[in-house]
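Chemist: Sequence:
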Amino acid sequence: QVGNVVTYDAFTSTSKNENWGWLGGMESNMSSFVIFGGRNGVDVDEISSNKGEGEVLYNAGTRFKVLSRTPRKNRPGVFDFVMAEVDEAGEVVPEAPTPVLAAPKSEPEPETQLICPPNHIFDGNGCVKVD
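Under the numbering used here, think of the first position of the sequence shown as 1, with each following residue one higher.
Take these hints with a grain of salt, some might be off.
[As the list claims (entries may be wrong)] Simulated pairs of lysine to aspartate or glutamate, EDC-like, Cα-Cα distance not exceeding 16 Å:
#, residue 1, residue 2
1, K16, D80
2, K65, D87
3, K65, D45
4, K16, D45
5, K65, E46
6, K16, D43
7, K73, D131
8, K16, E46
9, K65, D80
In case anyone wonders, no lab produced these hints; they're calculated from the structure. These numbers come from a predicted model, not from an experiment.
Starting from the given sequences, assemble the full structure and let the hints guide the process.
Modeler: See below:
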């Protein structure tokens, strides 16, 4: 119900895009969740296989207040929710920049390294004799 605080026992996949409907579209039998504000979700859009959906993941046990619950046309029991993250007191958590989980960067090309003569090491600047 609108106004209720809900907690999910699993990770919660949400979208930061207001007009986003689950990838299956409006014909899907899965409810969609849009979260406004909050500070504990992790933006995984860059590493998602479905880039552009604005996916933000929340840890299991995160608390949300239901701001709206709209039934989906021609899909009995399927709803599109708008929620906000709340603290222990049930107060909406102020919006903070959503942390972004960056895609792993490929390793940079190794730089050409100087090959030092025996009894020398490369210290990052050049060969240095070791006694």
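Chemist: For each hint, tell me whether it holds in the structure or not.
Modeler: Results of checking the hints against the structure:
1. K16 <-> D80: 13 Å, holds
2. K65 <-> D87: 10 Å, holds
3. K65 <-> D45: 23 Å, violated
4. K16 <-> D45: Distance of about 10 Å is within 16 Å: holds.
5. K65 <-> E46: Violated: K65 and E46 sit about 27 Å apart, past 16 Å.
6. K16 <-> D43: 9 Å, holds
7. K73 <-> D131: 80 Å, violated
8. K16 <-> E46: Cα-Cα ~13 Å, so holds.
9. K65 <-> D80: Holds - the C-alpha atoms of D80 and K65 are around 14 Å apart, at most 16 Å.
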